[in-house]
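Novice: Next come the chains, spelled out residue by residue.
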Amino acid sequence: MLLIGSGANIPADNWLLLAPINEDRSSYSPLIVLVVIVGVVLLTVQIVHRYYHGRVRRAPAWDCGYPLQTPRMQDTAEGFGQPIRQVFEPFFRIERELPSPFDSAPRYRMRVHDRAWRALYEPIAKAAEFLARIAGLIQQGRIGVYLTYSFCTLLALLVFVR
Amino acid sequence: MTLAGVLSQLLQVALALALAPLLVGWVNQCRAWLSNRSAPPLLLPYRTIRKLFTKDAIVAEGASPIFRVTPYVVFGAMCCAAAIVPSLATDLPFAQAADAIALVGLFALAACSFALAAMDIGTAFGSLARAARCSSASSPSRRS
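Line order of the protein sequences matches chains S and Y. Be aware that the first sequence starts at 1, since it is given in the working numbering, and climbs by one per residue. Be aware that the second sequence starts at 1, since it is given in the working numbering, and climbs by one per residue.
Among these hints, one or two may not hold up.
[Claimed, not checked] Computed footprint of chain Y on chain S, listed as stretches where at least three residues anywhere in the stretch have a Cβ under 8 Å from a Cβ of chain Y: (1) 28-41; (2) 49-62; (3) 66-80.
None of these hints come from the bench; they were simulated from the model. All C-beta atoms, glycine included, are put in the ideal place defined by N, C-alpha and C.
Input sequences plus hints: build the corresponding full structure.
Specialist: Here it is in structure tokens:
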């Protein structure tokens, strides 16, 4: 079974339709979708304008009965991104310091750690470092020692080749 | 594309549009029963639509055209979604133009324009409503 189609298998006679695998299983035509959406929107606007009286009033935005608003009350990036971060909380280790609501000069601090980094990559890196340290033991930096290594290697090779 | 296909397509969209407020009413009833409240009437959304058609539209000061356009965009995306999903008939001419991924894209378009409209006015309450609607995973009590 062909899971990933051989490129974009577009039928030659139908340039509108994008069918990655098979026309029966999935097909997509961006142009038709766009035309239908725009058509429905225009039709809805027409119908609403015909049946709605069209009286529109401008009024101040609802302030919960608290007109004295400061910039401190606006929605922050933290407030915007926090739900998404909470959804993905199991995958990250999050440390955060949130200021008190009455702090006039608030400071946010947050550090996000990747759990996969600690669980997966750091052990591999530590193992590689450990092996490198063992290999480093035979590097003494003295020419005599290296000559001894060459000599031992030659002897071993002679033993094997014989 | 046959005449019967086009007719069933139109009939399906019309039926979905006509029954959508009924679903909202039923969901609201179930929600009220689950939280031990007495339920609103089943046909309340229809009455709300009729009432809203006679009332004035109030738009906040500083609202941009995005805020005015969003209901139409959401409505158009939902109409397209209703036209794709085979609920009444399977031989739909429009269903070939979009698959399940395009359906998800339509819902994303509606959610995205809804979020834009919520942030358009600039008050915190709009963003709160956006958060309550778009990400149901985060309950309001956890938003400190």
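Novice: Checked against the structure, which of the hints given earlier come out wrong?
Specialist: none
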